[in-house]
Every structure is written in structure tokens, then in C-alpha cells.
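Each chain, letter by letter, is given below.
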Amino acid sequence: MCLGIPGEVIEFLPDQPDLARVNVSGVRRVINIGLLSDDPPKPGEWVLIHVGFALSKIDEDEAAAALEFLEGIGQAYEEELRALQESMIE
Amino acid sequence: MRFVDEFRDADKAHALAARIADLCEPGRQYKLMEVCGGHTHTIYKHGLEDYLPEQITLVHGPGCPVCVIPMGRVDDAMALAAEPDVIMTSFGDMMRVPGSNGSFFDAKARGTDIRMVYSPLDSLKIARQNPDKRVVFMAIGFETTAPSTAMTVLRAANEGLKNFSIFCNHVTIVPAIKAILDSPDLRLDGFLGPGHVSTVIGCRPYEFIARDYGKPVVVAGFEPLDILQSIYMLMLQLANGQSTVENQYSRVVPWHGNVVALRAIGQTMELRPYFEWRGLGFISHSALKVREQYASFDAELLFSVPGVRVADPKACQCGEVLKGVLKPWECKVFGTACTPETPIGTCMVSPEGACAAYYNYGRLTRQRVKEATRS
Numbered sequence: 001m002c003l004g005i006p007g008e009v010i011e012f013l014p015d016q017p018d019l020a021r022v023n024v025s026g027v028r029r030v031i032n033i034g035l036l037s038d039d040p041p042k043p044g045e046w047v048l049i050h051v052g053f054a055l056s057k058i059d060e061d062e063a064a065a066a067l068e069f070l071e072g073i074g075q076a077y078e079e080e081l082r083a084l085q086e087s088m089i090e
Numbered sequence: 091m092r093f094v095d096e097f098r099d100a101d102k103a104h105a106l107a108a109r110i111a112d113l114c115e116p117g118r119q120y121k122l123m124e125v126c127g128g129h130t131h132t133i134y135k136h137g138l139e140d141y142l143p144e145q146i147t148l149v150h151g152p153g154c155p156v157c158v159i160p161m162g163r164v165d166d167a168m169a170l171a172a173e174p175d176v177i178m179t180s181f182g183d184m185m186r187v188p189g190s191n192g193s194f195f196d197a198k199a200r201g202t203d204i205r206m207v208y209s210p211l212d213s214l215k216i217a218r219q220n221p222d223k224r225v226v227f228m229a230i231g232f233e234t235t236a237p238s239t240a241m242t243v244l245r246a247a248n249e250g251l252k253n254f255s256i257f258c259n260h261v262t263i264v265p266a267i268k269a270i271l272d273s274p275d276l277r278l279d280g281f282l283g284p285g286h287v288s289t290v291i292g293c294r295p296y297e298f299i300a301r302d303y304g305k306p307v308v309v310a311g312f313e314p315l316d317i318l319q320s321i322y323m324l325m326l327q328l329a330n331g332q333s334t335v336e337n338q339y340s341r342v343v344p345w346h347g348n349v350v351a352l353r354a355i356g357q358t359m360e361l362r363p364y365f366e367w368r369g370l371g372f373i374s375h376s377a378l379k380v381r382e383q384y385a386s387f388d389a390e391l392l393f394s395v396p397g398v399r400v401a402d403p404k405a406c407q408c409g410e411v412l413k414g415v416l417k418p419w420e421c422k423v424f425g426t427a428c429t430p431e432t433p434i435g436t437c438m439v440s441p442e443g444a445c446a447a448y449y450n451y452g453r454l455t456r457q458r459v460k461e462a463t464r465s
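In order, the protein sequences belong to chains L and E.
Under the working numbering, the first sequence has 27 at position 27, and the numbering climbs by one with no breaks.
Under the working numbering, the second sequence has 108 at position 18, and the numbering climbs by one with no breaks.
In short, the hints are calculated from the structure, not lab data.
It is possible that some hints are incorrect.
Claimed, not checked - Every beta carbon over 10 angstroms from chain L, so not counted as near; a handful from chain E, in silico: (1) Asp-99; (2) Lys-135; (3) Met-206; (4) Ser-209; (5) Pro-221; (6) Pro-274; (7) Glu-313; (8) Arg-341; (9) Asn-348; (10) Ala-354; (11) Gln-357; (12) Ala-385; (13) Leu-392; (14) Thr-432.
Claimed, not checked - Beta-carbon label-pair distances, calculated as ranges: (15) L/Asp-59 to E/Asn-220: 17 to 27 angstroms; (16) E/Ala-247 to L/Met-88: 16 to 26 angstroms; (17) L/Ile-10 to E/Asp-112: 43 to 53 angstroms; (18) L/Asn-23 to E/Asp-302: 38 to 48 angstroms.
Idealized CB from N, CA, C, for every residue including glycine.
With the hints as extra help, turn the sequences into a complete structure.
The following block contains the structure:
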């Protein structure tokens, strides 16, 4: 829950502009980007995702570092990732 | 992976450690608190305490939202979940937190409909799919998760959803820090400010710590070198007799936070007069409840909540650990009766809890070795 997971924005959902499809560790998921409405991310940009919402934009290097940190955490990250994979918010 | 290596480079860590050691005044002891559980995790995992001079002690703070939920609120949630036609939804982290009658997992095994979700938005979907049920989302967390709950309530209101509500247990970090500053048990010299919470609230809410209490604050990232760099920045301020708020994690944390997120919280939630924190007791204006305007989404108004205060188990010393008065291993039940598999206290539940982090990486710090050889 506290873990910020980096994801790369792929595209926005045409009928729901506050939702975007992102790539998280090779898995495509839909997340909410409404909290970044002041400065929305573009496809190809990276965001830090908390419980299904993008909370901040990050650069690619930061995303790589965050991912390494998460992979180092092990089980908790795997559980979080599994939960994210099962998450169906759209 | 250039960046990662850059943030893990052992030579750089040793160089920073040497600069930190140079800043120590002879004979002075320094106590620095890392507020966030994510930092605690990095510190134990990489054995950062071993890099620091003996004069510096890192004290682990209350920044793990699962760890500070009092038993009474877990019991309240279970009472809500047991109401007719209720589906309770919860983050996975919350599922193993013990109440006085077991955890959510235990209740689920007894037949209560409690479902694990990744996002509060998943709860909305469950509500849409089950119009004859009442879905209650167990909302927990600091300002990192509160905006998500707020956005979900706004969305539910927009959709006119009638069978969705939240049991709001969101807490705010600043009053907890203030409670620790006011506590006579502990004298701290400075703070490593939380990384993700600050993404939302920014750095300005910490200014009172520097201004009114004269303690430096450095908002820190989660890489080992981030933390060492932040400790260096704190020590530099202390050496120069300064106390200001600095942002070491500016590559993620904007100084003013996330305005959209703050607005969403402010629109849907307001401060409670007081709220109980596990181990820290009642803290004024330290938690959020649903605003009256959104009362139809407030489970505390829709259902009768027992609201009974339950004392923590006697053996458990989470309170002292959360305040940083005790190190995890100094708790009487640490690693014996209380383990991540069968936690008694909340600090052992979450991987970011100080006890679980310590248990999982099993580090014998210098201090421990010294204590062991002395006895």
C-alpha cells in the first residue's frame, strides 16, 4: 500500500480521460491519473503509482532506481504487484 | 541502470560516511529520527547504521500507517464487516493486523465477506457489480493514500453510487511528529522527512519543526545514498547551528506538494478533533473523517460502530518502538512470541514496520554486539 510503483504511460483511455494504460514491470494495467491533472503525463513518461493512482511524475532513471528498490523488498512487492495485476478499475 | 549503481556505490557511501563522521562534535551524541517506514526498511536492508559513527543513532519513527492503527479500530471494522449484506474491502497490508478477536484474515476464514483490493477504485467496481450489497472500504494510510480515497469518494458521488462507503482511518503525519517532539521520553536532534507523503503535502508543513523546535528536517529519498546524503545534510546543519527544512528528494518531491491531491482531500475530508494512535495514544487533529457534505459515503454514520477502546496487549511494546524509545529487539516478545508469521504488535505486521524490517534482515548492530558482550 505504501509502495510507490513506477509505471510507463502507454496511452489514455479515449472515453475516460482520467484513466491511462501503463506498463508496470511488463504488465499492462489501467490506472487513474486524475491527481496529475495540473500537469498530465504524456505517453512514454513515467509515473509513481500508489494504490491505483499516479501520484507524481518521475524520470526514467528514477523509475529504474525505484524498481530496484522494490525488487529488493521481495515478497511485499510481489504481493503488491499481484494485487495490481488483479486490479480492474476501468 | 546507471542511476541505480550511482545510488548504491559503496565507495561513495564510505566517502559520505567519512564526511558525516567529520561533522560529529567530540563527546556529543546525535539522535536522528527517520519518520517513514520505507526509510527504516532501506536502513536495515543495507545496514546503513554500520556506516555511521557510533555517536549517531537512528531512531525509527511512526511512519507506518498499518502500525499505528489501534486495536479498537480493527474491531470496529470487523463489526462493520459483520453487518448484513456488507462486503468489506481492504488493502492487503491491513489483512494481518491483529484486533482483539483476530485479524481480517481470521474473520474471513470465519465467513465474513472481507475482500483484498489493490485500489479503492476496485471497491467501487465491486459496489457496481453488487448492487444488492453494501460495500465498505477500509480506508487507511497517511497523505500518500488519502488522495486516492478522496478521488474515489468524488467518483462515487459523481456516479450517484448508493451502496459504497468508506470507514475512514486516514491519519496525518505532522501531528504525530509534533507529539513525538512534545514527548518527554525522547530528545531528538533532527528528522529525515518522509519521501512519499511529502510528494502530496510538500515540504512546508515541516517548517514548524525547524522554526519552533529548532530541529533540522531533510526530506529524503529511499536509496541508501539518499539516506546517507540526507544524514550528511542534517549533520551539516547541526554543525553550523542551523535548523531549516531541506529537500534531498527534489527529483520526486515538489516543495509545494501535489495541489490537486490536497484539494481532493480538503473537499471530501476534514480533521477529527482527536484520534487514537497505537502506542502513541490520543493525538489532537491527527486524523481525517468524511465531510458532512459526503455523509452518505461515511460508514461511521451509516452503520453503528462500537467504538470501544481496546488496550494493546500487555506484552507488546509497539508504542515504545513507534516513538523510538525502544529498539525493536529490546521488546520482550520480539522474535519469540511476536514474529511476522504470528504478529502480536503492528510493527511486526507490515514489511515497513521497524520490527519486521529488523527481523527480516536480522542485523546485529554494533550496539547489540556491545550489549551482548557486556552481559
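We went through each hint and held it up to the structure:
no.	hint	result
1	Asp-99	holds, 12 angstroms
2	Lys-135	violated, 6 angstroms
3	Met-206	violated, 7 angstroms
4	Ser-209	violated, 3 angstroms
5	Pro-221	holds, 17 angstroms
6	Pro-274	holds, 30 angstroms
7	Glu-313	violated, 6 angstroms
8	Arg-341	violated, 6 angstroms
9	Asn-348	violated, 6 angstroms
10	Ala-354	violated, 7 angstroms
11	Gln-357	holds, 13 angstroms
12	Ala-385	holds, 23 angstroms
13	Leu-392	holds, 23 angstroms
14	Thr-432	holds, 16 angstroms
15	L/Asp-59 to E/Asn-220: 17 to 27 angstroms	violated, 41 angstroms
16	E/Ala-247 to L/Met-88: 16 to 26 angstroms	holds, 21 angstroms
17	L/Ile-10 to E/Asp-112: 43 to 53 angstroms	holds, 48 angstroms
18	L/Asn-23 to E/Asp-302: 38 to 48 angstroms	holds, 45 angstroms
Of the hints listed earlier, those the structure fails to meet are numbers 2, 3, 4, 7, 8, 9, 10, 15, in rising order.
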